[in-house]
Amino acid sequence: MNWTTICAFEALPPERGVCALVEGAQVAIFRTYEDEVYALGNLDPFSGAYVLSRGIVGTRLGEPTVASPLHKQVFSLATGRCLDDASVSVPRYAVRVGVGGHVEVSLEQRVEVGV
Amino acid sequence: MTRIVVVGYGPTAHRLVETLASKGFDGTVTVIGEEPRPAYDRVALTSYLSGTTVEDLTYEVPAGVVTRLNTRVTGIDRRAGRVELAGGGSEPYDVLVLATGSAPFVPPVPGAEHAHVYRTIEDLDAIRTAAKDAVEGVVVGGGLLGLEAADALRALGLKTHIVEMSPWLMPRQVDEGGGAVLKSHIEGLGLGVHAGAGVREIVADGDGRVRGLRTPDGTVLDAQVVVFSAGIRPRDELARSCGLEVGPRGGVVVDAGMLTSDPAIYAVGECALAGGMVYGLVGPCNTMAEVAADRITGGSSAFEGADLSTKLKLLGVEVAQFGAMEGALDVTYMDPVAGVYKKLFISDDARTLLGGICVGDASPYTSLRPFVGRELPASPSDLLFSGAGAQLDLPDEAQVCSCNNVCAGDIRTAVADQGATDVPGLKACTRAGTSCGSCVPMLKQLLEKSGVEVSKALCEHFTYSRAELFDIVRVRGITTFSELISRHGHGRGCDICKPAVASILASLHNGHVLEGERAALQDTNDAFLANIQKNGTYSVVPRIPGGEITPDKLIVIGEVARDFGLYTKITGGQRIDLFGARVDQLPAIWQRLVEAGFESGHAYGKALRTVKSCVGSTWCRYGVQDSVGMAIALELRYRGLRSPHKLKSAVSGCARECAEARSKDFGIIATDQGWNLYVGGNGGFKPRHADLLAHDLTTDELIRTIDRFLMFYIRTADRLQRTAAWLESLDGGLDYLREVIMEDSLGICADLDAQMDYHIATYADEWAATLDDPEKLSRFVSFVNAPGVPDPSIVFASERGQIKPVMAR
Ligand code: SRM
Ligand SMILES: Cc1cc2nc3c(=O)[nH]c(=O)nc-3n(C[C@H](O)[C@H](O)[C@H](O)COP(=O)(O)OP(=O)(O)OC[C@H]3O[C@@H](n4cnc5c(N)ncnc54)[C@H](O)[C@@H]3O)c2cc1C
Ligand code: SF4
Ligand code: FES
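Those protein sequence lines, which keep their order, are chains A and B.
For the first sequence, the working numbering gives the first residue as 997, with consecutive numbering after it.
For the second sequence, the working numbering gives the first residue as 2, with consecutive numbering after it.
Calculated directly from the structure, the hints in this document are not laboratory data.
Quantities reported herein were computed from a predicted structural model and do not represent experimental measurements.
Beta carbons: idealized from backbone N, C-alpha and C, even for Gly.
If a hint is listed, it holds; no wrong ones were tucked in.
Quick list of simulated restraints, FRET-style, between CB atoms:
id, chain 1, residue 1, chain 2, residue 2, range
1, A, Gly1094, B, Asp732, 55 to 65 angstroms
2, A, Ala1004, B, Val790, 15 to 25 angstroms
3, B, Gly789, A, Ser1083, 31 to 41 angstroms
4, A, Ser1083, B, Arg488, 37 to 47 angstroms
5, A, Gly1094, B, Asp719, 41 to 51 angstroms
6, A, Glu1030, B, Arg488, 16 to 26 angstroms
Here chain A stands alone, though its shape is the one from the complex (with noise of 0.2 angstroms):
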């Protein structure tokens, strides 16, 4: 497993959002309330623009969501899947909390919602 390291997990703003550059692709990553950390892909697949990371952080029956900032499509921290058209995801990374308290990013072990 190949994981980048982005930053420290203190450079992540509670129940926001920021984007990192990984290996050419933009990945979303999101920080709870509960301090859980999400990455999804930074690509809203409704306006075609890099902008998740810059949604709303919230719950929706105490699923943790982003809506996206241009036209307000929910999504699943977890799954990745769009909460308000089922048809619809965005790719999901695995991202951890590594030695040190940096936050580390595998483009790898990406997980393709659906399959």
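Fit chain B with the ligands to the given chain A structure using the hints.
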């Protein structure tokens, strides 16, 4: 087992088989229809052109019903008890129901074969195709359907004319006075109206391509698409050919039980002639279907005629007619400037309401239609002038939904016994509101009057409305979202409640929108203090108070735009928008702007936007006050004020109103004596002219009144409710507002004043504060792990000498 065969699968047939199913009918039901699909909502047909899909329009076939689509019935063998099908084959019946509807009437003029009609999905497909290469269109027929068709042609981009034989439009719904008002509305939209005209010929070239329409006086209207909507004729040909009794002007004769002259054959819907009438509206057709289903299953209900009231909104104009169209006495209200015409017909003793006609404002339809045939609830002039009708209590037996024959009592029962708490609930219990939808406002009123708590919950995280949350935050002194949601909500919020709470906290406590936890509540626009664009870049709008700007500052804007390569445009708000900035460029852009003395324009915020001005008395030969000075003073006073929705204002220097102040949330027009204050104006989706709140105010009075107006709105409005909608929903309206903010009837004015004073005293420019704070600035990067790298997905092309975004797909 009884075998029922239904001929025709339109809305009436659908209601029939649905009713049979709901009554537990245990025989077989076969529906034979010539259209390629089950019945669909013909009333909503036009929405097909604006994107509603065939699937959305099509009704679900009830379980157990056998359908034979794409199949025309060609004859009825009454002796053998079977119907014959096109292409051979037959279907035996014990009971036959004719639901063959009607066909558009096409007058037998030369060239008519090249024209279109407007009844089925296929008709609309054909019109859409023809409109592709057309510039002009003509609709023949200025009735309800004709106007709907004309609106459709207009929406397809055609320059459209309406030709109507009668001397005015919609002769079945309105009288001559109403017709005149309607005509001016429609002409105002750019449609040609030719009333009192007929058709002599459809002009086509050798290939059958339509060129125009010739009227009897020889005039040719150029058109490449002609649609006939000149009435309907019942499809009674099957009945006729098998010897059933039909009316002299068409229609299968039926009795009150919908039975034809053959005791095994019923007829329902638009093909039936019931009580000497053919009904062309879904309401009565549905009732006929229910009566027939009841009779077939052994019941004894009867069809006793129907209310032909109609209300519709065509081409943006409300037109309604209810009850009789004449009476011993009538009272008319007419406002040609506003394009409103309302008329009530009453009995000779002036006590009983007989009917009414409305153009331009259909509110009497909703409030007064249930009173037809009853004693007038108030004087006719009160009912027409003051809108008193909206407050009336309806008797239980008053009909509320004419499409589905639902009375006020049925609605009350649904609320009391079936637990309906909202409009969808009422629709499910009673069917009211499920057809044309014109009774929905009435349903809402009945819900409110029944004391139902209509859910005002903001979202799944808060059961409170915005106004309630505002009070909780204010009274309990709450300062953070976490505190609010842990004590008064559930979960961790969403894109609805977070920005709403952020706005409440900002209205009450001011303070920087990106301070601490608040940063995580903001929509992207507030989070980056700029407006996001389709490609993920942002636009920058510096404040230009009152639209006044020095040449030096103009030059700075030009230089910044040039140096950062931004697209530049003058906005509709008298300022300048710079587009195409990446998040990582925003601080550097603002550094330059702040140094030159600019502040945030809050184009991104639910906050004060602009106070537009006209040039006013300083330069203009007509001006009576300094409108620019006032606009600047107001813009500086209220800048940064966060509110439920954006706030806009304008100041005009005289009654010529060059600043369009009456289209603003608060607008000021100068007078010889002082200032007139108008509130609740709106451009946007639903334009509304502001109402005069107070006149000839001194400058001090003006400012205090606006302070209180704004603070009262901020306290009590719903999320994303502009002042226009807020004012309309305010119980007691403008008079109540005056009492609260000018006479202090609630005793809150001191509080409102103090709140505004606090806002003004604590205002600070958000951008200057952001530039001074490394923590806030650290968020303005494209990539957290590569701060200097620009986002490679952002690509521009050039157009008219400036950039424009290019999307990857
Ligand atoms: C830039 C501008 C168009 C222009 O180039 O002229 C504009 C641009 C936008 N308008 Fe506007 N409106 C602009 C003047 C207007 C006006 C005219 C005016 O203010 O005099 C109106 C009608 C007046 C009114 O609001 O009553 C107007 C009515 C709207 C509406 C409908 C509001 C309504 O109540 O129905 C929206 C949608 C909304 O806010 O929900 C909207 C929304 C928007 C948004 C925010 C849409 C969006 O989410 O992207 C656009 C932001 C673009 C940006 O990045 O700046 N814009 N918009 C104008 C900015 C004026 C300014 O200097 O601040
Ligand atoms: C564009 C439009 C807008 C309208 N708006 C409104 C409105 O706002 N309010 C309102 O009250 N009403 C409105 N109406 C009228 C309403 O749609 C009709 O009253 C309603 O459709 C009548 O239903 P029906 O089933 O009796 O007839 P139809 O809808 O005409 O259905 C009859 C069906 O029988 C089929 N058929 C006929 N003969 C045969 C045969 N021999 N074999 C097999 N099949 C056959 C036809 O193809 C058709 O599918 C509107 C109509 C149109 C066209
Ligand atoms: S509103 Fe009056 S003062 Fe202002 S520019 Fe127009 S005419 Fe002149
Ligand atoms: S009156 Fe048409 S749906 Fe109620």
